[in-house]
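Generate coordinates for the entire structure from the input sequences, incorporating the hints supplied.
Protein chains: 4
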Amino acid sequence: MGLKTPAEYIASLNDGRVTYWDGERIDNITTHPKFRVPIAVAARDYEHTSPERAEVMTYKTETGERAHRVFQIPRNEDDLSKRVQMMHEMSIVGGVTGVMMALMSVKDAVAEVSPRYAANIERMYHYVRDNDLRAAEVITDPKGDRSRRAHEQDDPDLYVRIVKRTDEGIVVRGAKLHISAASLVHELVVMPTKGMRQDETDYAVSFSVPVNTPGVKIINRSFAPAELNEFDYPASAHHSMPEGFVIFDDVFVPWDRVFLAGEVQLASRLAQSLGLWERTGGLVAAVGSSKLFVGLAQLISEMQGKDRDAHVQGTIAELICYHEMLKMALDYALRHYEVTPSGMVHPNVLAVNASKYYYAANYHDSVKYLQDLCGGLVVTLPTESDLRNEESGRYIRKYLKTKSNVDVETRMRLYNLVRDMTADAYGGWHLVVALQAGGGLSAQRTMMNRIFDMAGAREMALAAAGVTRPVAQAAE
Amino acid sequence: MGLKTPAEYIASLNDGRVTYWDGERIDNITTHPKFRVPIAVAARDYEHTSPERAEVMTYKTETGERAHRVFQIPRNEDDLSKRVQMMHEMSIVGGVTGVMMALMSVKDAVAEVSPRYAANIERMYHYVRDNDLRAAEVITDPKGDRSRRAHEQDDPDLYVRIVKRTDEGIVVRGAKLHISAASLVHELVVMPTKGMRQDETDYAVSFSVPVNTPGVKIINRSFAPAELNEFDYPASAHHSMPEGFVIFDDVFVPWDRVFLAGEVQLASRLAQSLGLWERTGGLVAAVGSSKLFVGLAQLISEMQGKDRDAHVQGTIAELICYHEMLKMALDYALRHYEVTPSGMVHPNVLAVNASKYYYAANYHDSVKYLQDLCGGLVVTLPTESDLRNEESGRYIRKYLKTKSNVDVETRMRLYNLVRDMTADAYGGWHLVVALQAGGGLSAQRTMMNRIFDMAGAREMALAAAGVTRPVAQAAE
Amino acid sequence: MGLKTPAEYIASLNDGRVTYWDGERIDNITTHPKFRVPIAVAARDYEHTSPERAEVMTYKTETGERAHRVFQIPRNEDDLSKRVQMMHEMSIVGGVTGVMMALMSVKDAVAEVSPRYAANIERMYHYVRDNDLRAAEVITDPKGDRSRRAHEQDDPDLYVRIVKRTDEGIVVRGAKLHISAASLVHELVVMPTKGMRQDETDYAVSFSVPVNTPGVKIINRSFAPAELNEFDYPASAHHSMPEGFVIFDDVFVPWDRVFLAGEVQLASRLAQSLGLWERTGGLVAAVGSSKLFVGLAQLISEMQGKDRDAHVQGTIAELICYHEMLKMALDYALRHYEVTPSGMVHPNVLAVNASKYYYAANYHDSVKYLQDLCGGLVVTLPTESDLRNEESGRYIRKYLKTKSNVDVETRMRLYNLVRDMTADAYGGWHLVVALQAGGGLSAQRTMMNRIFDMAGAREMALAAAGVTRPVAQAAE
Amino acid sequence: MGLKTPAEYIASLNDGRVTYWDGERIDNITTHPKFRVPIAVAARDYEHTSPERAEVMTYKTETGERAHRVFQIPRNEDDLSKRVQMMHEMSIVGGVTGVMMALMSVKDAVAEVSPRYAANIERMYHYVRDNDLRAAEVITDPKGDRSRRAHEQDDPDLYVRIVKRTDEGIVVRGAKLHISAASLVHELVVMPTKGMRQDETDYAVSFSVPVNTPGVKIINRSFAPAELNEFDYPASAHHSMPEGFVIFDDVFVPWDRVFLAGEVQLASRLAQSLGLWERTGGLVAAVGSSKLFVGLAQLISEMQGKDRDAHVQGTIAELICYHEMLKMALDYALRHYEVTPSGMVHPNVLAVNASKYYYAANYHDSVKYLQDLCGGLVVTLPTESDLRNEESGRYIRKYLKTKSNVDVETRMRLYNLVRDMTADAYGGWHLVVALQAGGGLSAQRTMMNRIFDMAGAREMALAAAGVTRPVAQAAE
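Heads up: the protein sequence lines correspond to chains A, B, C and D, in order.
Residue 0 is where the first sequence starts when you use numbering that gives the first Met the number 0, and the numbers rise one by one after that.
Residue 0 is where the second sequence starts when you use numbering that gives the first Met the number 0, and the numbers rise one by one after that.
Residue 0 is where the third sequence starts when you use numbering that gives the first Met the number 0, and the numbers rise one by one after that.
Residue 0 is where the fourth sequence starts when you use numbering that gives the first Met the number 0, and the numbers rise one by one after that.
Hints should not be assumed to be uniformly reliable.
The list makes no distinction among identical chains, and a pair is therefore deemed to hold if it is satisfied within one copy or across any two copies.
[As the list claims (entries may be wrong)] The calculated EDC-like cross-link candidates involving lysine to aspartate or glutamate, where the alpha carbons are at most 16 Å apart (straight line), are:
#, residue 1, residue 2
1, K402, D144
2, K305, D78
3, K397, E121
4, K397, D156
5, K193, D78
6, K81, D26
No lab work stands behind these hints, which were simulated from the structure alone.
Computed from a predicted model, the values in this text were never measured in an experiment.
Here you go:
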C-alpha cells in the first residue's frame, strides 16, 4: 500500500486486461509499441521524488500517510488551488482519476437512499487512494436512437443495463464510448449517462470494476501514430492517450462494488457529478493552452520580423483577450467555490459552465487567429528526418534562417508545435474535445439556463422598467 | 464647506457659465427645460440622507469629516469594492468626477518633475472634495488631420495649447470634444490628449478651471428629447446627460491651477491616467446592463409564452455567458488590484483592458440577441399617451394581453426599456459609447499588447516546443 | 382612373380614416404636422413626370395604359430587375404595396379551392392598380400566449377572426401589429399570420378593406420626431414612416373582398406568400445601405487623415466583403428566378432566404465596424442650429476643420448620416427591422432547413464517404 | 504529342528528378510507397476514356486536336463554367497546372516590355499543352526577415535571384516554399513572390524549368500517412498530395525559358496573376465542401435520431447559409467575368476576392458547427481493422447500431469522413489552406480595399448626406 513508483504502475498494467487496437488483440500492453508513449505519459504522474514535485503531486492524508494529490478532497480555497496547480502538471490518466471526486461528492445524496451504496463509495475511494490506482470516468452510452429512451431502443443493450441480480451481485451488459485512457487505468468507474425514469430501473446503474474483470473489453483509438518524436510532435509526444470503446459483456459486479442498482431517482445526480470536474479540467487546460497560443504567435511573428505589423499585433491582442478572460474566469471559479453538505468544496458551478462555454464557443476562432499569423509553413515544413539528412538539411538550415539571432531548429520546433496542436491529428482531437468534453454547445447552454440567478435578473429588469409591484404578480 | 444638498448643487450651477444647446445660448441652466432631466439626474448623487445610502455614497475623510465617496482614495480591496458599489448608483456626473482619482494617481510622477504642480494637484483635490464639487474629464482634442502631429496642423489651435505665459499664469486656446456632462460640473480638469514630443511644448498642458471662467464656452448635445417620461423612456429618463463641445477662447489659468505647462515628458502619463478609471466605469456599467439584458429577455419571453422554446433558451444562454464573463472579470480586476508608489490602489490594468475590450467587441452582438428575442413590438409599441387615451387605450390593453397573470402596463414598460436601451437614441448612444469610451477597438487592442505578460508566454511556448536554451538566445 | 399625381394622392388620404398618434385622435392626417414628412415621403412615389423616372416607376399594362410599376407582374428576368431598380427608389409605402404581388402569386392555389375567392383577388388587383392606390401588408396578429394556438387563448380575439357570417359578407374582429405605413395607404390587405388547423376555421381569414371602413382604427408609432431637418437627419428626413397597430372592431367585409373565410388548408399558403417579397425588399435595401456604409467609413476616415491606417483599411474591407456578398446574392436570386404555374416569376426563394439571413445575422456587426471607425463625434456633434448660431457656429467651423480640402458642413452631414442610420432612433428601428422583417433569426433558419436541396447534400456526403448503396437504404 | 494516358504520365515521372521525403532521397518516385496514393490521385486526371468524362476533361484546340481542358483559354462565360465543372473533378496536380492560365493572362503586358519573353510564354504554353504535361505554381520565397526587402537580407539568397547571366541563359539560386505537388509535375513555373524595386533587379525573375533540371531539389511534406485506406480516410485517400520545399541550387535556365530577368516593373504583375486562379480554385472547392458539410451534419443527425432537435436544425441552417452564400458568389464571379485585352476571360476579381475572404474568415466556424453536431465519436470511433477483427467487430456492429434502417458501416464511414476532413491531419491542412491559399486574411482584405468601387460608394454617401457639390471638392 502507499504511493506507487512509475515502474510499479507500469508492471501493474500487465494484468490480463483485454484490449484491442487497430484490429489486433494485445495481451500485454506494457511491451507493445503502440502503448509506449501513452504509458510513458501516464507513468510520469507517478514521478514525485523531487521535493518540489512531491509538494505539488502528493499530500498527507488523515492517517498521516502521503497519497497522490488527485485523491485529496478539497476543504477550502487553498486545497482547490493546489489541485489546479497539480492539474496543470498531470496527464489525462491522472485527470480522469478525478472521477473519485465526483463519486465522493454524491456520497451524501446516495446515503439518503442507501447507506450501503454510500459505504461502498467510501470504501472504493480508500481502496483506490491507498493503492495509488488510477480510475476512468465511464459514462457515455452508445444511446442508439436519441429520440427514444433507454428502454425503448430496438436493442435493449444500447445503454448499459443490469441483466441479472443475484445474492452476490449484479451482471451488467452494454458499452460505453469515449472513455479516455480506459486501457491505462486500474478501475472503471461506471456512471449512468443521464437521468432515468421509473420504468428504466435496469438502466440506473453505477459501479466500479477492475479493468481485468472477465467480460470487460476495450477497443482503443488514438489520434496519434505510434512513433512520435519530440521534434516533429512536441505536444502529442507528451499527451498521446488512446480513447476506449469499453464493452461490458455480461460482467459480474459484486454488491460491495455497486453504487446504484435501480434507484432511478439518483441516476441524474450521479450523471451530473462528473460534468463539473470534467469542465473544470477543460478550463484549466484552456488557460494554459490559450497563453501558449499567444507565445507562439508572438515568437513566430518576431522570428519573421512581422511583430510590428498592425495586423499581427491586432490578432495577437485577440489571443491575449481570449486568454485573459479564461484566466480571470478560472480565478473566479476557485475563489467563489461552493461547499457540499459534508464540507467538500468545489469550483463555482455557474462560473465553470459559463467559462467552459466561452472557451468552447471561441476555441476554433482562436485557432484561426494563430494559424492566420503563422502562414503556410505550419503544414509544409519538412520533418526532422529531412533536417538530419545532411544534404536536404543543409538547404533547410539555409533557407529557413530569418535573422542572425534566430535559430532554425527553434523556429522549426515552434512551427511543429503549432501544427501538432492545431493542424494535425492531435489538433483535430483538440477541436472536438474543446467542444464536446463535458457536453456539446447546446448542453452547456442548457446548464447556464438552469443555474443562472434568473430571479435576480428578472427583479433587476422590472425595477429598471419602473415596475413597482411584486415580481410574482408582474409575470408568472 | 462639506457635503452639499441637492438644492445647493442645483443653485451652484447658476454661476454665469456660457452654454449653448440647439442654437440657443442659455444663461441659467437651472431653469431651462432642456436641462430639467439632466440636472435631476445629477442632483440625485447628492442625496444620501438615509443611513444605507450614506454608507454607500459618503465616507469619513482623514480629518474626520464626511465627504462624497467619489473622492475616497482607495487604499485596499475593500475600498475598491465600496467604490464599485457606489459607481453602480452614480450618475455620469459623479462618474466623470473620477477624474480626481486619475489626477491623484499621477501626483507622485508629477512631483518628480515639478513639486509645485504636484502641490497644485493636491490642493485642487482637497478643494473639490471639501466643497463637494463635480469635475469633468476634459481630454479629447479635435485633432484635425490625424496623420499630422499637433504642431503640424494647418490651424495650430486644433489641439489645446498655451498661447501666452505670464507671471500670473498661462493663457490657453483650443477645444475639447466629447466632454460628458461638461455643463453640469463645477471644474473642468484638462489633460493632454496624448503624448507630446520635444517640439510640442505648448501642447503639453494640464490644468483645472471653473466652468464659469471667462472664455470657456460649452455647446451641448444630447441623444435625448427634452420631455422624457418614465413610461416611454424608462432608462434615458434616468440617465439623460448632454455631451459638451468645450471651447477655451484664450482662457487665463493662474499658476496655482496648472498641472503641466510644457514638460512634454509627462504628457503621455497624464493622458493615460484617465483611461483606466474610464474603462473601469464602463466595465461596472456593463456588468449591470448585461444582467439587465438577461432579465429583459427572460421576462418578455415568459410573457409571450416562449420561454420554453429551444431557440429562446439558447439565445438567453448567450446573454448569460456574456454577463458572467464580465462579472467574473470585474471581480478579478478588483481582487488583483495594483498599488501606486504612494499607496493608492487601482483595479488591475490588464484585467480592465481585456474585459473592456471583450465588452466592446461583443456588445453589438448582445443587442442583437436581445432584439431577436423581443420581436418587432420593440419599435412599434404605442406610447403611453395612446395607452392613456381612453379609446385607443382600451384596444391596447385588450390586444397586448397575453396570459392572465401578465399585466399589460408592465409588459409595455419592459418593451420600452428594451427600445430605450437598444433601439432608440439612447440605445444608439450606448452602442457608440460601448465602443469608444476609453478608446476604440484598435486602441484597446494596443493596450493589451503593451501590458500582457509576453515574457511568460514566450517562455511557455519555448518550453512546450522543447527548446532548452535561454529565451534570449532563441529569438530577439 | 389611371396614375395619380402626388397632390391627388395626398387629397385621397383625407377620407375619414380613424388614426391615433401619441394619444391624439387625428381626423385629417393631410394637415397634421406629425404626418408632414411621412406624407411627403409617400407622395414622392407618385412623382414620375421626367422620362427617366417614368421609365423606372411606371409600365404599360396589357390594356395599353400606364400604371405604377409596383403593380407589374414580372414575367421574366428583365421584369424582375426593373422591379428591383424601382424598389431602390421607392418609399416604404410603395414597398408594402408589394402585397399585391403576394396576393396574385397565390391566386392559382386559391382558385383550386374557391374560384370565387380567386376572382376576388383578380378584381382587387385591377382595382388597386387602375386607381393607383397603395395597400398595406396586414399580417401579424398579437398572438397572446405563443404556447397556445389561436383558438386556445384566454381572449378569442388575439388572432383576427370571423365573428359573424351573413349573406352579404363577414364581420371580423381582432388586431394586427407592425403594419408599416398603415395610415398612409388606401387598402388594408389582411392575411392569416400562420397556418391554421381544422378547429381554427374562424381564424383562416383573408380580405381587403379600405382604411376608412367603419371599425378600422390605427394607432401610429414612429421612431422619428415630427421635425426632421435634412442636415441633422439626412436619412430619416427621407424615410420617416409610422408603423400601425391596426384594430378591426367588428368590421364588415362584403363577400367580394374576401379571399379566405374558413378554408384552413390555404392559411399557411397565404401567410407565406408575403414573406418572399418582404425579404426581397429587405435584401434590396441591404445591398444599398451596405455600400453606403463603406462610403461613409471611407470618407470619414479620409477627412480625418486616417485612411492609410491598417486598422481602418482592415475594417473597411470587412464592410466591403459584407456588401459584396449581399450584392452577389441578390444578383443570383434574380437570375435564378422561379416561375409559378401561371407564369409569374419571383426571386429564387432559397437565395433570398439565405441572403436575408446572412444580412440579418451580420447587420449589427456591420454597424459596429462603421461606428468603430467614426469615433465619438457620431453622438457628440453639435446640431445644425448650433452651426447656424453665429457665435457657436464660428467655433464649430474652426475646430471641426481637419484639412484644407475638407468642408466642415460636409463633414458634419456625414457624421449626422452615420448617427441617423446607426445611432439614433432611426438606426435603432433599423437594427430591429433588419432582424425581424420577414421573421426573426430562428424563423429564417427554419425556412432554410425546409427548402435547401438536402437530398443532393445527403447524396454527396454518402458518395464522398464511399457508400455505394442507394441513399434510401443507407439512412431513413 | 497529344493526350497522355495515366500510365504514360506515371512513366514520365521517373526522369531522374531529385526528391527527399522524411529524410530519404528517393530516386524513382513511381515505385516508392509514399508516392503510391499521390501518384494515383494525379494519374486520375489523365483518365477520360468515357465520353462523359472526355467532355468534362478535354477540349478541341484551335488546331483541331484534343487537349486537356486545363489548358483551354476561356473566351466566354460557357468556357468558364466548363472550366469550373472540370475543377470540381480535378486533383491538386491538375489544379496547379492552372499556372499556365496565369502566365497567358500576363502575356500582353509582358509583350509591351519584351516581345521575346512574351513569345517564350506562348511557346511554353503550347509545349506544356501539346505534351499534356503538368506544371506547378512556384511563387513563395522563404523571405527571411519580413521587415527587410529582398536585397537587404543577411543572406542574399532568401529570395530566388539571378546569380549569373550568360549568352545562353541565366543561373538562378534560392528556394520556394509551399509548392503543392512539386514532385508530381513536369514543369516548375517560377514567379516573383511580390513586386520588386529598382535596386532589386536580380530578384525580378520568372522562368520555367523541368523538374529534373540539374540543381533542382524537392523536399516533400505531407499531412498524410503513406497507408491510407478508403474506409478510415475517405477524403485523404483521394486527395493526399505532398507539398514541396523546392531548391534551386545554381540552376541554369536557357533564355527561351525565361519570362522575366530584371524588368522590375513587371514583377508585381506576374506575382498577382497567380492569385486570381488560386483563389478561384479555393472558392470552387469551398462550394463543394460546404455542401458536403451540410449533408454530413444531416445524415449523422438523422442516424442518431436528432434531426428534429431545434439546436440541430439551427446549426444545420448555419451550414446551409454558408454554402448558399459561397455558391451564389461563385455564380456571380463567373457570370460577371472580366476580359483581358487579348480576349481571355477570367472570373470577376472583386467577386472572387470577397468570397474567398468570406470563405476563409468563416471556415473555422463551419468546422465548429459540424463538429458540434457530430459529437465525440468523430475522434473515438474504432478503425476499420477493429471492425474487421471478428471479436471486436461484433461489438462495434452491435453498439453503433442506432435504428433498424441505419447501416453501421455507412455510419462509420460518415464519421470517418468528418474526422478526416476536419479533425485529423488532412483536416488540419484544410484549416491552414483555407486561410493561407491565395494569401492570409490581411492580404485578402488589402485586395478588397484596392479593387472595390470606392468612387461609387463615396458618391453614394455624399448624395445620401445631402452634399450636392462635386465629390472632388468635398474631400480629397
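Now the hints, each set against the structure:
In the homo-oligomer, the alpha carbons of K402 and D144 lie at most 16 Å apart only across protomers (6 Å), although the nearest pairing inside one protomer, at 58 Å, exceeds that limit. Proximity of K305 and D78 under a CA criterion of 16 Å is satisfied in neither setting, with 43 Å inside one chain copy and 42 Å between copies. In this assembly of identical chains, K397 and E121 lie within 16 Å of each other by CA distance neither inside one copy nor across copies; the values are 63 Å within and 35 Å between. In this assembly of identical chains, the alpha carbons of K397 and D156 lie at most 16 Å apart only when taken from different copies (9 Å versus 61 Å within one copy).
Taking the closest pair of Cα atoms, K193 and D78 never come within 16 Å of each other, the shortest separation being 30 Å inside a single copy and 46 Å across copies. With identical chains, the CA atoms of K81 and D26 are never at most 16 Å apart, being 38 Å at best within one copy and 57 Å at best between copies.
Figure legend: structure checked against the earlier numbered hints; hints not met, in rising order: 2, 3, 5 and 6.
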